[in-house]
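*Asks:* Here's the letter readout for the chains.
2 protein chains.
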Amino acid sequence: MKNEPLEKGLVEVFTGSGKGKTSAALGVVLRAAGQGLRSHIIYFMKGEYPYGERKVFPLLPNVTCQSFGHEDFVDPNNVKEEERQQAKEGLEAARQALAGGDYDLVVLDEINIAVAWKLIGIEEVLQLIEDKPQNVELILTGRHADQRLIERADLVTDMVEVKHPFRKGIKARRGIDY
Amino acid sequence: MKNEPLEKGLVEVFTGSGKGKTSAALGVVLRAAGQGLRSHIIYFMKGEYPYGERKVFPLLPNVTCQSFGHEDFVDPNNVKEEERQQAKEGLEAARQALAGGDYDLVVLDEINIAVAWKLIGIEEVLQLIEDKPQNVELILTGRHADQRLIERADLVTDMVEVKHPFRKGIKARRGIDY
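Residue numbers (the numbering used here), protein chains in the order written: chain A, 38 to 215; chain B, 38 to 215.
Wrong hints could be hidden among the right ones.
Same chains, same label: a pair holds when it works inside one copy or across any pair of copies.
Cross-link-like lysine-lysine pairs, in silico, DSS-like; alpha carbons within 25 Å at most [stated by the list, open to error]:
1. K208 <-> K169
2. K45 <-> K169
3. K169 <-> K125
4. K92 <-> K45
5. K200 <-> K169
6. K92 <-> K169
7. K200 <-> K117
8. K208 <-> K83
9. K155 <-> K83
To be clear, the hints were calculated from the coordinates, so they are not data collected in a lab.
Make the full structure from the sequences, and use the hints.
*Replies:* Below is the structure:
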């Protein structure tokens, strides 16, 4: 697997209420790993919950991750200072990941929610994009993507929920949903 | 990584014109691998083109794939008998993968297009679902999902293209798009 850097890294956004946002970002990471690109995933608001994918990142070449936040759901109407601080640290980690030259692909998972719930500001995310080196691909996931991010992004997919088993009371299943 | 089978496997459909359908299915495969589930991906109409993900499947536990078809795009207005035959073989492989008991997750990539372009019939796909063992998860991807499949599925996400760089003439990029 040769490592030719990306000529031009774009900004991709996976948003919407349907299943597939984080999954799609992970799929791109898998593809990137197979083509010799180096990926780094930064999880916002997801904590150390045993997400399946994290157990196999070490088996893939050049796939690493960091996680900021708790596994407990953040209450958007009652955001704690600690949660804001964790998101801020995630943002700082994103800055370093982009600037450091160690990665071809950086995924900021659930960052859109962190913005929607005002844990971090959209201006900070737009600045991150502004400062992004040209040859790094950046993927931002999470529902409620800010309109200014959508305008700035090169690729946006709205994952629309047509049907979801959670609506029928079926709980998240290990290996499929986490 | 323990291997507890799925209690109840559902039918998931990733359709729509936006980026993320195959990627999302691959993301679920990655997650499944991390949780000890066994996945098999059947590619329709994709041939042996060097897709990034296929290079790293051997590094993951219990991830295998088969591919049926050519890397050349099928012309829906001029389907060749050979292309129909390949899709039929893919369908037969899907039947065996579901019935064999060797997999917890089976992905039928681009099968929706194979149906939309009449390489295979929707009735055959619905029969496949009808015969699916209860503890196997089935993911079907590709745009133009048939309405009868949408009605039958437990989960459907419509990946709506809001923006795509291909529209601006940017070509598919190695490691990101394939």
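*Asks:* Check K169 against K125 for me: Cα-Cα at most 25 Å, and say if that holds within a copy, between copies, both or neither.
*Replies:* Answer is within: at 18 Å inside a copy they meet the 25 Å cutoff, but 46 Å across does not.
*Asks:* Please work out whether the CA atoms of K200 and K117 approach to 25 Å or closer within one copy, between two copies, in both situations, or in neither?
*Replies:* For K200 and K117, the Cα distance exceeds 25 Å both inside one copy (33 Å) and across copies (35 Å).
*Asks:* How would you classify K155 and K83 at a CA-CA limit of 25 Å: within, between, both, or neither?
*Replies:* Answer is within; shortest intra-copy Cα gap is 16 Å, inter-copy 43 Å.
*Asks:* Between K208 and K169, at a C-alpha cutoff of 25 Å, which is it: within one copy, between copies, both, or neither?
*Replies:* Cα proximity of K208 and K169: across copies only (21 Å, versus 38 Å in one copy).
*Asks:* Given a CA cutoff of 25 Å, do K45 and K169 count as a within-copy pair, a between-copy pair, both, or neither?
*Replies:* within (11 Å within a copy, 43 Å between copies)
*Asks:* 25 Å Cα cut-off: does K92 pair with K169 within a copy, between copies, both or neither?
*Replies:* This pair counts as neither: shortest intra-copy Cα distance 29 Å, inter-copy 28 Å.
*Asks:* If the cutoff is 25 Å on CA atoms, where do K208 and K83 land: within, between, both or neither? Let me know, please.
*Replies:* within (18 Å within a copy, 34 Å between copies)
*Asks:* When Cα atoms must be at most 25 Å apart, do K92 and K45 count as within-copy, between-copy, both, or neither?
*Replies:* between (30 Å within a copy, 23 Å between copies)
*Asks:* Using 25 Å as the alpha carbon limit, work out where K200 and K169 are close: within a copy, between copies, both or neither.
*Replies:* Cα proximity of K200 and K169: across copies only (20 Å, versus 36 Å in one copy).
Going down the numbered hints, you'll see the structure goes against 6, 7, while the others check out.
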